[in-house]
Amino acid sequence: MESGSKSLIGKTAVITGCNRGIGKAILESYAENGATIFACVRKETKEFSTFIELLSEKNSVSIIPIYFDSRNLEELKNAVKQIKNSKKKIDVLVNNSGIAYNALFQMSSLDKLQEVFAINFIAPFVFSQYITKLMVRQKSGNIITISSTTAMDADLGKSVYGASKAALICMTQVIASELKEFGIRANSIAPGLTNTDMLLCLPKKFIVNSIDKNKIAKPSEIAEKAVYLASDASLHITGQVIRVEGGN
Amino acid sequence: MSNKEKYDQIFMSSFEVNEKDLPSLRYQDVDNWDSIGHVKMIADLEEAFDIMIEMDDILDFSSYTKGISILKKYGIGL
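Same order as they appear, the protein sequences are chains C and U.
For the first sequence, the numbering used here assigns the number 91 to the initial residue and increments by one for each residue that follows.
For the second sequence, the numbering used here assigns the number 26 to the initial residue and increments by one for each residue that follows.
Please keep in mind that the hints were generated in silico from the structure rather than gathered at the bench.
Computed from a predicted structure; not experimentally measured.
Backbone N, C-alpha and C define an ideal beta-carbon position, used for all residues, glycine too.
Among the clues, some could well be false.
[Stated by the list, open to error] Derived coverage of chain C by chain U (criterion: at least 3 residues anywhere in the stretch with Cβ under 8 Å from a Cβ of chain U; other residues may be distant): (1) 142-155; (2) 214-223.
[To be verified] Simulated pairs of lysine-lysine, DSS-like, Cα-Cα distance not exceeding 27 Å: (3) C:K174 <-> U:K98; (4) C:K167 <-> U:K97; (5) C:K270 <-> C:K177.
[What the hints assert, rightly or not] Only some residues are given here: those of chain C computed to face chain U with a beta carbon under 10 Å: (6) K101; (7) V264; (8) E268; (9) L269; (10) E271; (11) F272.
Turn these sequences into a full structure, and let the hints guide you.
If you want it as structure tokens, here you go:
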């Protein structure tokens with residue numbers, strides 16, 4: 091990982107859900123590595139505006155905020171139009187936005203099932219459809235999805251969240267297969283426990299045990315992998331899932 | 026170049042067909058108009074006419090003539 095060598099100079103990236111947690115860490119790392127960034131978040135806030143202004147100045151990069159609720163198709167399409175109208179070549183899309191949900195299978199409500207799939211799978215699916223159309227035209231592109239180890243590990247309480255992330259991984263790998271002839275690659279990063287707000291939805295005992303085992307990653311550790319996958323150092327990597335979890 | 030000429034040009038270059046074959050051309054009539062060719066052709070149309078075609082219209086775009094009526098929805102007269 092070449093976080094000190096500005097490996098993303100000349101690249102333009104679209105990052106969703108980058109106002110906190112892993113997304114915010116990816117935004118910071120991409121800026122530090124010289125990328126031009128479309129920073130997609132749900133709502134405009136003074137805090138986020140100030141944050142990207144300072145980040146942009148500090149790294150001498152352009153960060154363009156894009157505001158939309160990914161569950162609203164019209165807002166999503168308007169976001170794509172803004173990106174398209176910039177006439178910039180879109181090199182990387184990082185599908186990061188998502189919500190956590192922890193409930194036993196028999197206790198999972200239909201409402202939450204629909205909400206989690208709408209945000210964690212349907213929104214990135216549709217957004218990727220639109221963004222990859224721009225990439226098809228360019229004959230190049232790079233999709234990175236932020237999934238989860240729960241997609242593969244059958245963790246208790248994760249039937250909904252894990253299934254939504256498993257669907258995201260499947261989408262990523264199919265994109266890699268179907269769009270490779272347009273020079274588009276696609277990979278997924280599957281974080282394990284990571285020190286973000288999402289941790290709070292887990293049982294305290296589980297978190298304490300994980301701290302004891304030193305298994306909780308920093309968001310910056312996930313961001314480093316996202317820089318690597320966006321960089322030319324990973325040109326021949328596609329259709330892969332990279333687990334970042336500190337070992338089982 | 027007129028809109029009609031641009032439209033025809035995209036079809037002829039995407040699917041390697043002659044102008045005389047265009048009016049009757051339908052999806053999957055020729056080898057190049059498979060799903061991958063379809064994606065590429067839609068991308069070329071969006072670029073040429075500076076539009077964003079809805080997913081439903083992409084799926085509905087089943088022939089050369091159907092495409093003409095779909096593009097009308099986006100203000101592109103052919």
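**Prompt:** Checking against the hints above, which ones are violated?
**Reply:** 1, 6 and 7
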